[in-house]
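> Residue strings, one per chain:
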Amino acid sequence: VANEINPSRSGLSALKRHTLLTKIWSSPPGWRSLAAVNHSVVGMRFIITALAFFLIGGVLAMLMRAQLATSGNSFLDHETYNQIFTMHGTIMMFLFAVPMIEGLGLYMLPKLLGSRDLAFPRVSAFGYWCFLFGGVILIAALACGVAPNGGWFMYTPLSGARYSPGINSDVWLLGVTFVEISAIAAGIEFAVTVLKVRTAGMSLRRMPLFGWYFLVTAMMIVFGFPPLILGSVLLEIERAFGWPFFDTARGGDPLLWQHLFWLFGHPEVYIIFLPGAAIVSTLIPTFARRAMVGYNWVVASIIATGFISFGLWVHHMFAAGIPYLALLFFSAASMLVAVPTSIQFFAWIATLWLGRPVLRLPMLYLSGFLFTFVAGGLTGVMVALVPFDWQVHDTHFVVAHLHYVLIGGLVFPLLAGAYYWMPLLTGRLPGAILGKWAFWLIFAGMNLTFLVMHLTGLLGMPRRVYTYAEAAGWEPLNLISSIGGFIMAIGFALFVLDIVLYSHLGNRFRRNPWGATTLEWALPNPIPPYNLASQPVVYDERPLKAQPGLPVEMAAGCHLLGVPRNNWRETLAVDAVSGKPSYIILLSGPSWTPLITAAFTGLFMLSFLFKLYWLAGIWALVTFISALRWTWDSGLPRDWSGVDAGAGFKLPLHPAAPDPPGWWGMLIGMFANGTFYLMLLFGYFYLWAVAPGWPPPVLLDVSPLWPWLAALVLLLATGGAYYALRSNAAGEIKKRNRVLILIAACGIIAVILFPLIPITGLPAPQTHAYIAVTHAVCGYIALHALLGALISIYVLLRCVAGYVSAQRNLDLRILRLWWLYTLLAGLSGLVSIHGLPLLTGAVT
Amino acid sequence: MTTDTQHGAERIPPVRLLGVCLGLIVWSSCLLLLYAALSLSCILAPSFAGSGRLNLLLGLVWFIHLALLLWLSRRGLRQWRAPLPGVQPGTEKMLRQVALLLHGLGFIGTICIGFPVVMFPACV
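Protein sequences appear in the order of chains C and F.
Residues in the first sequence are numbered consecutively from 1155, following the working numbering.
Residues in the second sequence are numbered consecutively from -18, following the working numbering.
Among the clues, some could well be false.
What the hints assert, rightly or not - Calculated lysine-lysine pairs in the BS3-like style (CA-CA distance at most 30 Å, straight line):
| hint | chain 1 | residue 1 | chain 2 | residue 2 |
| --- | --- | --- | --- | --- |
| 1 | C | 1888 | C | 1170 |
| 2 | C | 1177 | F | 74 |
| 3 | C | 1170 | C | 1889 |
| 4 | C | 1699 | F | 74 |
| 5 | C | 1889 | C | 1177 |
| 6 | C | 1699 | C | 1765 |
What the hints assert, rightly or not - With the C-beta cut set under 10 Å, the calculated list includes, among others, these residues of chain C facing chain F:
| hint | residue |
| --- | --- |
| 7 | 1185 |
| 8 | 1211 |
| 9 | 1349 |
| 10 | 1457 |
| 11 | 1474 |
| 12 | 1483 |
| 13 | 1490 |
| 14 | 1493 |
| 15 | 1494 |
| 16 | 1543 |
| 17 | 1696 |
| 18 | 1844 |
| 19 | 1943 |
| 20 | 1944 |
Stated by the list, open to error - Which residues of chain F face chain C? A few of them, derived with a C-beta cut under 7 Å, are:
| hint | residue |
| --- | --- |
| 21 | 10 |
| 22 | 12 |
| 23 | 44 |
| 24 | 45 |
| 25 | 61 |
| 26 | 65 |
| 27 | 71 |
| 28 | 75 |
| 29 | 79 |
| 30 | 90 |
| 31 | 99 |
| 32 | 103 |
Don't read these hints as lab results, they were simulated from the structure.
The structure presented is a predicted model; accordingly, all values stated were derived computationally and were not measured.
Even for Gly, the Cβ is constructed at its ideal location relative to N, Cα and C.
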């Protein structure tokens, strides 16, 4: 065990400390900055790219409004219009809203939580490249005239191979799935960062509400996105290989797609709203000049919103033929979600009421949010009523409602946040005149467009029609909406101009121009790449109010980790609840592996898109190898004792900690993976119970020996993983290594056994949905066994290279978790595919 | 040099966060079970559903969840009133209050989603 190698350098001047930390934390210059992983760089990339996509989506909206302005218009033909409205929705939801909140979180969270970076800087960088490449695929398809054209929710059977034979739907399924990888990466990143990577003393009670909002958003992403990823994977397999998951004629059901889509789609609304509300809850106390009223109530309402939002998905399917009583369950749940949302609104109003509010430019945008979102919420309660929903279903009323919710819930808070944090980013203050003009144009244009659109919808105008007859009487209202749309577009253009102008010409400011009390305003300007020269111990929810000397003390290195050493990128990890310092995380520096891995993933997607499946297989393997290469040098090649963290703390390094970020990340990643699998099993049971053409004409017919053998092999591998960890702790290195080889062998046997079960016991998967789902379940387990085998070999290599010891055993614990999960998935899969036919009496 | 434990902050296990959400987990369970039992019964056993016995079954599911939530809420109230520990009193107080609020909301939410089972016929 080595002790720390650098002596204490407490005599460092602030300037010297800054120079040393800058050298350690800087991103490479020029084209090599593509390897940057710093959260400020990656977060800003997300924000700028999402803004670019927003502008493209906005142009598409203007094209639609130009087309609908008059009846019988031939400005766009129906096919182009179909592509444009599909891409407008897809861009705004998947390439603007979600990536923008990812960018916001990546950029702001460490600064608000008093840390130097996120838990997994390379994962963020990987997520960015996935987002960019996925977005480019979608936009390139639009430019080539082969963009998706089946609506942003891609309902089957319209999006199936029979009615959409081109690559349009494939572009959506693959492009959006690519972008969703980025969202899952961000979800894991946010959850681990908020739980573990805060400054000392920042208990959950002292954490800014911004952190709570992003914690809940992160968990919603982790549980909310996998259903759509599964749906996209199944539909792409159906289109590519003819496995009939959604084809009624062969035992599938289009409603399964709707369930999977909306199990994602409704939480998605709140995944977008909660970060917007995070901005509101950060800004209102600043401009009300008092602490947030009802902190605990707001925390409870954030958590409640997250939970209840998962219980509403069926309200998008009120017209799909579900029993009335079931509709009432979801109608009630839909109204229930207004309760926690209202609690937040009342807390904001009470804070303003009890404070001494000042109307600065960001507050003007917040007032726009308060009005618009409440209006959208009220129409939301209206469409939660089943009879009313039936009347306005698929009309422009719903389009108006969703725009009130999304523009009100996300866009206005984002604009407010942009003006609020602009001084932090640019070192200059925003001007007042252009910003106010932009606000009023956006606000007036938005209401002119969508308030009127409620009436268009009530008069019966359906969504997604490219033109209408003059006799319908919708023309005046559509013309007003179109004028409003263009006014709004001018407002957004003015906003962009204002931000660009004042970023260069605005007045410079001294620290903290708004008098805020959160930690990001304690940072020097321009913000250094390491954020804080030392990490403070905080004693209050509003640290800058309770400890006004904090900025100077932090710069002087008076707090934790104020002494740079060993070129390490150090940041504190704390106990998740109490905020007690737990260990020091050594973060990774700039790396090309995120970009390379994302590029390989992109090649996999493109190969699949162009139906080069053998090539796609090769790229999938290369991507996995690249990901392993990426993690190869994580951790330390030798043991360390606890090191001096400053301020009287002596802490271990993260490789020796019982719950390092990698462990948390893997655990939360498993939640996402488990949700994916649970949804697959849900699909199996759903089809069995609901779809026509079931029970299937043939049932799985294999010797009971096969499943028992497959289960035994998984059990052996999992037991081996436990045993390897135990041998490692006891210092029995040879035994550990031999067990790792045995685990890999078990994994390989499982890879052979699981696909053999449906291949030998059933006809081709193209014949019936039952056979297709059985193949999918066995394929999922086999894939996990294969990855488990490869990870075992990889861990063995890392053991040999010295990255694993009795003290540093994270690799082995992750391997154990993987195999435990694979065992559970395998057993539940085997019980489902063998047990359900017995249970339902289909076989005796 | 002192170790971190001398700074007085005791660890609170992260699993407490799951406990805070128990009321909402029970609410979710009630919603899913009601929906699944109704949908499956209407398809697989229409005669059972048509006889009114399905409403009784759904009512029982609802009642069990309500009873569980009532118990959770009472327990939460007792914990909220109990004296706070010497270390991390602010965090502990927050966790107790948030848990109580969420148990209460879960209870109200379960009443809202479940009351139709005693008022409307199933499978119509």
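> Taking the hints in turn, state whether each one holds.
Comparing the hints with the structure gives:
1. C:1888 / C:1170: With a Cα-Cα distance of about 48 Å, the restraint between residue 1888 (chain C) and residue 1170 (chain C) is violated, given a limit of 30 Å.
2. C:1177 / F:74: Violated, because 43 Å separates the two Cα atoms, which is more than 30 Å.
3. C:1170 / C:1889: Status violated; Cα separation ~50 Å.
4. C:1699 / F:74: Distance of about 22 Å is within 30 Å: holds.
5. C:1889 / C:1177: 43 Å, violated
6. C:1699 / C:1765: With a Cα-Cα distance of about 60 Å, the restraint between residue 1699 (chain C) and residue 1765 (chain C) is violated, given a limit of 30 Å.
7. 1185: With Cβ-Cβ at 42 Å, over 10 Å, it is violated.
8. 1211: 34 Å, violated
9. 1349: 7 Å, holds
10. 1457: 6 Å, holds
11. 1474: 12 Å, violated
12. 1483: The hint holds - residue 1483 (chain C) has a Cβ within 10 Å of chain F, the shortest such distance being about 5 Å.
13. 1490: 5 Å, holds
14. 1493: 7 Å, holds
15. 1494: 7 Å, holds
16. 1543: 16 Å, violated
17. 1696: 13 Å, violated
18. 1844: 6 Å, holds
19. 1943: 31 Å, violated
20. 1944: Not OK, violated: residue 1944 (chain C) not within 10 Å of chain F, min 30 Å.
21. 10: Constraint on residue 10 (chain F) not satisfied, violated at 11 Å.
22. 12: Because about 5 Å separates residue 12 (chain F) from the closest Cβ in chain C, which is inside the 7 Å limit, the hint holds.
23. 44: 15 Å, violated
24. 45: 16 Å, violated
25. 61: Nearest chain C Cβ about 11 Å off; hint violated.
26. 65: Status violated, d = 12 Å.
27. 71: With a closest approach of 5 Å, the residue 71 (chain F) hint holds.
28. 75: 4 Å, holds
29. 79: 5 Å, holds
30. 90: Check passed: Cβ of residue 90 (chain F) comes within 5 Å of chain C, closer than 7 Å.
31. 99: 11 Å, violated
32. 103: 5 Å, holds
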